[in-house]
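Visitor: Residues per chain, in single letters:
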Amino acid sequence: MKGNVAENQSSLYEQIGGEPAMSAAVELFYRKVLSDERISRFFEDVDMERQAAKQKAFLTMVCGGPSAYSGKDMRKGHAHLVKQGLNDTHFNAVAEHLGATLTELGVPTPLVEQVLKIAESARADVLNR
Amino acid sequence: MARVKHEGQWYGLDEGESVLDGLLRRGVAVPHSCRAGACQSCLMRAERGEVPAKAQVGLKETLKARGYFLACACQPDSELEVAGAGADLRVSARIASLERLSDSVLRVRLRPEGRFEYRAGQYVSLLRADGLARSYSLASQPHEDLLELHVRRISGGLMSGWLFDEAGPGEPVVLQGPAGDCFYVPGRPEQPLLLAGTGTGLAPLYGIARDALAQGHTGPIWLFHGAVDASGLYLVDELRALQSQYPQLQYRPCVLKGQERVGVWVGALDALIKEACPRPAGWRALLCGNPDLVLSLRKKLFLAGLSLKEIHADAFLPSTPPPQAGTGVTTSASDTSR
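Sequence lines, in order, name chains Y and V.
Going by my numbering, 42 is the number at position 42 of the first sequence; the sequence numbering is gapless.
To get my numbering, take the position in the second sequence, counting from 1, and add 1000.
So that you can see chain V by itself, here it is in the shape it has in the complex:
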């Protein structure tokens, strides 16, 4: 008989019963709406067991890769251990090194003290000992010993100020996550990739580009990094070196304003993308950084023919200030400094 484990308890399913119906029948609260595999509000994640293909119809490859499925369309054949969409894990870590990549961007390397599994391009919440929390994208790759974050200095920013001015190697922190579905999924090595980001949106794209290359991606990989002016660009030499090593990589650093100079494009990022990649239908896009730009690019790329399933966007939202000064900690998941 098919059965489902949820939060430590097993639930038997009737013949032909969906995971959603089985859990609801036993009083487990699962968000749901259409029950027809359309609205995706009953999204759950399988931690162990086989998910029938039918339960993943219409989901992005990145969600499938993480075991997500639609509970209303899931009639498992045997045993399945499931969790709600928001399941998370925490692991302790220590700061390994701090290094300036530019005037405003700090490379923070962390050594996790335990297993921390993630995909290149996902993000984590970084928790300071006092509970201060901000999210940052990972620029490293899972096989590397250290995790790498790119932290932009925010005027008055509590976490970025602490990392820039006070924190040192050996400092204990806690990591929570990972989260996000901006990562490379192997399977179509010839499909052109469009990676675009602003500011420290380069961090996940740097990880994703190297991951795709390491996994043998053969199609063109366009990497656009946009900044207001030249001082906002970083890792330029590393990416140029990577480009000369891999002919399929097209690195395009872009600035909104500034003088024309060799190898740096001047203009609005969306216009430059359109000029360089005029017909992106059938491509896969990964977009990170400033939310206005990311969301408008997503719409433009969808209208240009990309499937929504092929567009992965990670908009860096600003952290929300605490309700009153002095309460100290914000619980917001994101930070513009990511």
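One chain only, chain Y, in its complex shape:
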């Protein structure tokens, strides 16, 4: 199953538009995330530029691009947020912004759905379950 997803991923990343599309998406996505009162508190004290770079790496990963992300990283990277109460509603909010961002950039619905499916597969790792 995992290998299968990885194979589909590389073509998905290219279909969405590769690196230029990720560059266009990152600020739009990050702005949505930061202005959402449901989740903005998790980003209160972060270095914005480093966080933006992480958001871009995240977008690259969920779109199936070249990325060094692993489930282990996801768990470690979110453990402190889970302690602060990160749960499904917050995950859903981020997924919502992810979908809206790609749609806004003209990515066809079937591709957006594929991306959201990949994001969904990270839910257990992000929420440390």
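It is possible that some hints are incorrect.
[Said to hold, decoys possible] Facing chain V, from chain Y, some residues (calculated, C-beta under 10 Å):
#1 31
#2 48
#3 49
Since the hints were made in silico from the structure, they are not lab data.
From the three backbone atoms N, C-alpha and C, an ideal C-beta is built for every residue, glycine too.
With chain Y held as given, fit chain V onto it using these hints.
Guide: Okay, now just chain V, sitting in the frame of chain Y:
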């Protein structure tokens, strides 16, 4: 064949190999993570040679202007001399003059004894003979003979106390740097600029505003200088004179508290900026001074539509006290008195 020089040694690259992979293969330690041009942890600087455009995708213009590139995305066509992101240089200098700009701010002019290249708005570390070090922003412009720093007196501050009370012209010091990416990059002369700073955060903005004007910037340049009260404002007459000379310059001295008076705005700096510049999307912003204010302004401007690539912030961090009293020297790079 493409090859890369790093710390005095040449490394050949295989066909299509990136600078990152080539250096790693030969055992050079280069920080890296995503290898996809996204995380920017493999940032390096080219000292000589052509950097392919692809290796600078996503970087700020200010970083590009200084030759920075992403090692993982860099497949050079020929020879490239590179250094890690933290490369620095030192030059000896002497204090040329000391002049009070206000009760709490001292203008320190320095004469470098050697070539010292910088961009208006960058900062330097000032090292006293005994090794005491603090960072200060440059208020001068590169074509001027003397470097200019604005030093705020800090209660108990070792460097500011020395400069205010003891140092005199002719005193030798050492400069290290420059650093920072708060500077003007020519290319879009019509783009509105938003310069905002508190306290001696005016120093780099003073340099940047004059640099932009000298380079023919035609778009509006808003310069906000915030202080707690009127005693914290300085260079007011100079900036008003500059404003009357250049109609595109809008100088706005602001105080948090105090009485209304002509030409000085009263209120919180972020609220005043929002009122004067309600729709800053597409602008370029340069922010210097108090870290809380700088970082919160950065977030507000990003949410108001500015691209992160167009926001340059230089937060003046306080120097960290030495671990125990009497050890004398701190190695911290920054000082609230900058």
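Visitor: Decide, hint by hint, whether the structure agrees.
Guide: So, going through the hints one by one against the coordinates:
At about 6 Å, the closest approach between the beta carbon of residue 31 of chain Y and any beta carbon in chain V falls short of 10 Å, and the interface hint on this residue holds. About 6 Å separates the beta-carbon of residue 48 of chain Y from the nearest beta-carbon of chain V, less than 10 Å, and the hint is met. The interface hint given for residue 49 of chain Y holds, since its Cβ lies 6 Å from the closest Cβ of chain V, which is under the 10 Å cut-off.
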